[in-house]
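Asker: Top to bottom, those sequences are chains A and B. Sequential numbering from 1 applies to the first sequence in our numbering. Sequential numbering from 1 applies to the second sequence in our numbering.
Watch out, some of these pointers could steer you wrong.
As the list claims (entries may be wrong) - Label pairs and their calculated CB-CB ranges: (1) B:E244 x A:D189: 23 to 33 Å; (2) A:E58 x B:S206: 32 to 42 Å; (3) B:E215 x A:D99: 34 to 44 Å.
As the list claims (entries may be wrong) - Some chain B residues judged to face chain A by a derived CB distance under 8 Å, without partners named: (4) T118; (5) A155; (6) A169; (7) M179; (8) L197; (9) L200; (10) R231; (11) D241; (12) K252.
Hint data in this document are derived by calculation from the structure and do not stem from the laboratory. In this text, all values refer to a predicted model and were calculated from it rather than measured experimentally. Heads up, the beta-carbon is just placed ideally off N, CA and C, and yes, glycines get one too.
Number of protein chains: 2
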Amino acid sequence: MKEINNIVLIGAGNVATSLSMALHQAGKKIIQVISRHTNTARELAEKVDASFSTSIEEIKTTADIIICAVSDHALKEITENLKIKDTLIVHTSGSVALDIFENKYTDYGVFYPLQTFTKSTPITLNNVPVCIEANNQKTLKILRELGHLISNNVADINSDERKYLHLAAVFACNYTNFMYAIAEDLLKDHGLDMKILHPLIEETASKAIKYRPSEVQTGPAKRNDINTISRHLEILSNQRDYQEIYKVLSDKIRNKYKPNEF
Amino acid sequence: MKEINNIVLIGAGNVATSLSMALHQAGKKIIQVISRHTNTARELAEKVDASFSTSIEEIKTTADIIICAVSDHALKEITENLKIKDTLIVHTSGSVALDIFENKYTDYGVFYPLQTFTKSTPITLNNVPVCIEANNQKTLKILRELGHLISNNVADINSDERKYLHLAAVFACNYTNFMYAIAEDLLKDHGLDMKILHPLIEETASKAIKYRPSEVQTGPAKRNDINTISRHLEILSNQRDYQEIYKVLSDKIRNKYKPNEF
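Extracted from the complex, chain A is given alone in its bound form (with noise of 0.2 Å):
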């Protein structure tokens, strides 16, 4: 089996950054990054000690694999003009199957970090999941490989079960946060710091991941308490917006836990 070595990152956002820098730590060279802006590429391939240019034209020919890290929409864009028939091709996308790279590349794959990256928060992969998929077992082979070497998930997913686990993904961590977002924005109208509601955060993840979030569920929804949602409603009466999250989502708690648990 052909050994990774060499290994050219197509994108430099969150994901390129956090995927290029975990590898390039594990002890493999990477040879080149692309991306149409010419100073996220310098910034990524200077911190990874690679070249790095602006056009898939330019990719080298010498890479073992090719990670694609960009969003959807460019990952289109790269399998209608990236002729490499022969070199390994993976994305990174959660949201995108495999088959995309089907009668274009010989050896593809998906390599997805299931994680959120944030360029100004350098994670460790050791624990976050990798998603892995491939057209041949060969290939499979490799990515797994590739991925143990930085993380100690590596799990196989199909492209029908990472569109599920992304759209999870979203309601655990995106809209998640956006409920956090929403909390200090409250808190921050009254003159309220957002650290007093940090130990409330971490126990919420805690028992999240100590028992099944269903079964854990407390609130005024919850225990049916019209009256303290009513009361909330009003205080929200200038915050159309975050009346309305509050309306669907109370509405949606009290008909999942109906009958009323008091």
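We have chain A; now place chain B onto it with these hints.
Answerer: This is chain B only, laid out in the frame that chain A set:
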């Protein structure tokens, strides 16, 4: 200043259990647990070496403080029926103002532990913010000392502030947990284990504590990725409740973060 030695707990639910156990462990004497439900009253009383009763008419008059850890509805009833004027009385509710005690008692206050309690999950109160308020300085000082016995995080929060704090906590805790529960449900439907989301849940909470949540928002709605949003809404077409939640939240996030940031 009168020292607090003997405590009567009205209520035997999650908050009553956590508070009385913490105070018991801190060396205070819980002399009585009062709850309408014989079984829960007895169960908690046994845990904290207290006697128990199912009627507030049997309340022990040797109490130095009466802690009402009951539902908002039950609290109203208690204030209408409990005629012990000269014993310090507090409630533990995030959503009830101090003035519920006005003209009924001499010394009164609020002792609100800002945390999510479930009986099955005993938690230490060490870092839990205990939000206190009282109708006079003497009582405030007593509550502050009592708070410091069980937590290193005691905060003066008035009724107006507490109202917003409680509302913010509904978003940061109850609604966040509901997001986890939806994720759990989506994964279960497709044979995937919730464990795969645990690192993501942990990191999302960590980031919210390290940074301002509004500054670390990620996801399809944040980047106005309408293709992914449309696909997700389609996936959810058989789960109308979740689809509606997804739609409302993605709309609000897009509103908040426009113009588009790519």
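Asker: Now look at each hint and say whether the structure bears it out.
Answerer: Do the hints match the structure? See the list:
A C-beta distance of roughly 27 Å is found between E244 (chain B) and D189 (chain A), which places it inside the suggested range of 23 to 33 Å. A hinted range of 32 to 42 Å holds for the C-beta pair E58 (chain A) and S206 (chain B), which are about 39 Å apart. About 36 Å separates the C-beta atoms of E215 (chain B) and D99 (chain A), a value consistent with the hinted range of 34 to 44 Å. Annotation: interface hint on T118 (chain B) holds; nearest CB of chain A at approximately 5 Å, less than 8 Å.
At its closest, the beta carbon of A155 (chain B) sits 6 Å from a beta carbon of chain A; the interface hint therefore holds under the 8 Å criterion. The criterion of a C-beta within 8 Å of any C-beta in chain A is met by A169 (chain B), whose closest approach is roughly 6 Å, and the hint holds. At its closest, the beta carbon of M179 (chain B) sits 5 Å from a beta carbon of chain A; the interface hint therefore holds under the 8 Å criterion. For L197 (chain B), the interface hint holds, since its Cβ comes within 8 Å of a Cβ in chain A; the closest pair sits about 5 Å apart.
Against a cut-off of 8 Å between C-beta atoms, the interface hint on L200 (chain B) holds, since the closest Cβ of chain A lies about 5 Å away. Here the hint on R231 (chain B) is kept, as its CB sits about 7 Å from the closest CB of chain A, short of 8 Å. Interface hint status for D241 (chain B): upheld, as the beta-carbon distance to the closest one in chain A is roughly 5 Å, under 8 Å. With its C-beta approaching chain A no nearer than about 5 Å, K252 (chain B) sits inside the 8 Å limit, and its interface hint holds.
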